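Colleague: Sequence:
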Amino acid sequence: MIRTTFAALAACALALPASGESYTLQSAFTKTLPVLGPAAERFVANVAALTDGAVEFKHLGAGELSPPFEIFDNVSVGAIDAAWSFAGYAAGKEPAAALFGSVPFGGEPLQYISWLNHGGGLELWREIYAPYDLVPMACGVILSESGGWYTKEIAAPEDFQGLNIRIGGLGGDILSKLGANAMSLPAGEIATSLETGRLDATELSFPLVDKLLGFDDVAKHYYFPGWHQPAGFIEFYMNKGKWDALTDAQRTAIEVNCNDINLYTLGVAAGAQSEILQEFRDNGVAVERFPDSVLDALRKAADEVYAEKSAEDEMFRRVIDSYRAYGEKYVEYQELSKLD
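Under our numbering, the first residue of the sequence shown carries the number -1, and numbering increases by one thereafter.
Among the hints, erroneous ones may be present.
What the hints assert, rightly or not - Taking lysine to aspartate or glutamate and the EDC-like style, the derived pairs with C-alpha atoms no more than 20 angstroms apart in a straight line are:
id : residue 1 : residue 2
1  : Lys209    : Glu286
2  : Lys240    : Glu106
3  : Lys29     : Asp79
4  : Lys240    : Asp50
Stated by the list, open to error - Estimated spans, in silico, between C-beta atoms of each pair:
id : residue 1 : residue 2 : range
5  : Phe67     : Glu306    : 44 to 54 angstroms
6  : Gly282    : Arg40     : 32 to 42 angstroms
7  : Thr190    : Gly61     : 29 to 39 angstroms
8  : Gly239    : Ala270    : 33 to 43 angstroms
The set of hints was computed from the structure by calculation and includes no laboratory data. These numbers come from a predicted model, not from an experiment. Backbone N, C-alpha and C fix where the C-beta goes; we use that ideal spot for every residue, glycine too.
The task is simple: from the sequences and hints, build the whole structure.
Modeller: What follows is the structure, encoded as structure tokens:
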């Protein structure tokens, strides 16, 4: 079925005139970042192939045309055509956008993408971005992250009190409830900050990415699970004027390729983590799970954050209610299907 879909789309695209239109695709990530960098290159190549060169994206690494936190505005006004980013970066403008980057204590990746594509999530996302003349979609499903790197043991919820941790978005709001000092910091400064004591802990990604930054040399407690991001999306969005100017076949080529990237990113990341974990252990890192008491306290704090933000922002309430309602139906079948 997948091969048939691609073949039909390719045949349709080949029948179109090849105008060779070039569009800027500004990424919030460096091109060398594992999984995400190759995924963007795959997307660009496949869109060009399926449109017979009529739609060509120029993939720009982080900061080439715009800093990550300014991409949203630049695509909105048409200064940049499209973005490869993370929806949590838009939470300052639209709090509900954070829920399209990750849902702390939410479901696993399949539940997340199922809700997005079949439970009304995408429609809500596009409603949020519509006032900014942006058309978003998921273009990468991210494996659960780690729970973070810590320079000291976390044995009880009280150990978060006064802890300086690099974490953003909803995760930062949740940890603040337990007395932690959540802060933002560029990825390149994290290891040095852990070494000097400016930071006591950090979260960033899954092992394959964390390894690149040398966290295992400066923090010896690597906790799981990634409660703050059990699943995540990489977003592709395009200026609405540019999107509307594409043909139906060209828009379909982009959407089909994003679905391909969703499978690609999840598959590549899922099989690449265990070997890195062993390297961390060999370097003296304790790879461990948070105690149940810690996870219980974090979950309670998360519920408080969700309640507060739902009361403050109507769209946030609509999104989290939609996600939870879908999850209740989704989880029932999953529980019945378990073999253990």
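Colleague: Next step is simple, just say for each hint if it's right about the structure.
Modeller: Evaluated hints:
Straight-line distance between C-alpha atoms of Lys209 and Glu286 comes to about 17 angstroms, which keeps the hinted pair within the 20 angstroms bound. Our distance criterion of 20 angstroms between C-alpha atoms is broken by Lys240 and Glu106, whose separation comes to about 33 angstroms. Among the hinted pairs, Lys29 with Asp79 is consistent with the structure: their alpha-carbon atoms are about 18 angstroms apart, no more than 20 angstroms. Annotation: proposed proximity of Lys240 to Asp50 holds, straight-line Cα distance about 18 angstroms (limit 20 angstroms).
Separation of Phe67 from Glu306 is about 24 angstroms and departs from the stated range, judged on CB atoms against 44 to 54 angstroms. The supplied range of 32 to 42 angstroms is met by Gly282 and Arg40, whose beta-carbon atoms lie about 36 angstroms from each other. The hinted window of 29 to 39 angstroms between Thr190 and Gly61 is violated, with their beta carbons roughly 20 angstroms apart. In this structure, Gly239 and Ala270 meet the distance hint of 33 to 43 angstroms, their C-beta atoms being roughly 39 angstroms apart.
Against the hints set out earlier in the document, violations occur for numbers 2, 5, 7.
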